[in-house]
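Undergrad: Spelled out, the chains give:
2 protein chains.
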Amino acid sequence: MRTEGKHVIMDISGCNLDLLNNLTFLKKLLVEAAERANATVLNVAFHHFTPQGVSGVAVISESHLSIHTWPEYGYAALDFYTCGDIDPKAACKFVADSLEASHIQTTVVSRGEKIKGKYLHRVESTSSERNGKELSLLP
Amino acid sequence: MRTEGKHVIMDISGCNLDLLNNLTFLKKLLVEAAERANATVLNVAFHHFTPQGVSGVAVISESHLSIHTWPEYGYAALDFYTCGDIDPKAACKFVADSLEASHIQTTVVSRGEKIKGKYLHRVESTSSERNGKELSLLP
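Going down the list, the sequences are from chains U and D. Positions in the first sequence are counted from 1; adding 631 to them yields the working numbering. Positions in the second sequence are counted from 1; adding 631 to them yields the working numbering.
None of these hints come from the bench; they were simulated from the model. Treat the hints with care, since some could be wrong.
So the derived list for chain U, only partly shown, Cβ under 7 angstroms to chain D, looks like this [as the list claims (entries may be wrong)]:
| id | residue |
| --- | --- |
| 1 | L650 |
| 2 | P682 |
| 3 | H695 |
| 4 | H734 |
| 5 | S756 |
Derived CB-CB ranges, DEER-like [as the list claims (entries may be wrong)]:
| id | chain 1 | residue 1 | chain 2 | residue 2 | range |
| --- | --- | --- | --- | --- | --- |
| 6 | U | D728 | D | F656 | 32 to 42 angstroms |
| 7 | U | K659 | D | E666 | 26 to 36 angstroms |
| 8 | U | R667 | D | D649 | 16 to 26 angstroms |
In this text the structure is predicted, and so the values were computed from the model without any measurement. In this text, a Cβ means the ideal position worked out from N, Cα and C, and glycines have one as well.
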């Protein structure tokens, strides 16, 4: 199996508070996001916190998707890590839109690059957008 | 609950090939790493690939730990994301040592920092070490 992968780290703000606290919705959303990225879901693990908030992870054949939510702040932290030819960015965008995020910050890390016998990662880019409009793109 | 957290991305090379393919060992290792970081494990999801390789995630009260292994290359990709006062770096080091990694590359990302009403992440540092000796530290 190829070691190269893309790991997208995403923080989203201004989300729908009710959706961020709905475990059933979030589990379905993560599975659908994986399917849209043509990834195969192998196992899921979710937890609902008291009084609010959800943590969930889907193990996929190409790595994992995770979500952690803070409904009280309209905030969610996600990471989508996929290997092979799957591009996780579309899945990230789908999740952010479904949660009605007004601000999205994304960093893409390449994983598993073989360099001089070692396997390494590299921060590729960071981008930020508000209501669908790109604010900045780094580097 | 506080939104601030530390997300450590770690790629390790030159690991013990048998351990990287041992699901039972890896599950126990991730749970022990979480406990050493004083995190509470809420749920785990693991999968063993054919012919080899393991993917596993532990959902903890303070976020998640994940591991993906490529025994054929002696390589594993990990991420340890913790919120609140827990520092995931010691847990990362414990896992890398247990898997007998000869090279470790680590990047620390701060998550959930509130800036002007938005929740953001920031790449804090990248470090690299071989056989316990630090090679470089950025920035």
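Undergrad: Give a verdict on every hint.
TA: Against the structure, the hints come out as follows:
About 16 angstroms separates the beta-carbon of L650(U) from the nearest beta-carbon of chain D, more than 7 angstroms, and the hint is not met. Nearest Cβ of chain D to the Cβ of P682(U): about 10 angstroms, over the 7 angstroms cut. The hint is violated. Hint status for H695(U) relative to chain D: holds, with the closest Cβ pair at about 5 angstroms, below 7 angstroms. Using the Cβ-Cβ criterion of 7 angstroms, the hint placing H734(U) at the interface with chain D is satisfied: the shortest such distance is roughly 5 angstroms.
With 7 angstroms as the threshold, the beta carbon of S756(U) stays out of range of chain D, its nearest partner Cβ sitting at about 11 angstroms, so the hint is violated. With their beta carbons about 40 angstroms apart, D728(U) and F656(D) fall inside the hinted range of 32 to 42 angstroms. Between K659(U) and E666(D) the beta carbon distance is about 31 angstroms. The supplied range of 26 to 36 angstroms therefore holds. Distance hint for R667(U) and D649(D): a CB-CB separation of about 37 angstroms, inconsistent with the stated range 16 to 26 angstroms.
Taken one by one, the earlier hints fail for this structure at numbers 1, 2, 5 and 8, listed in ascending order.
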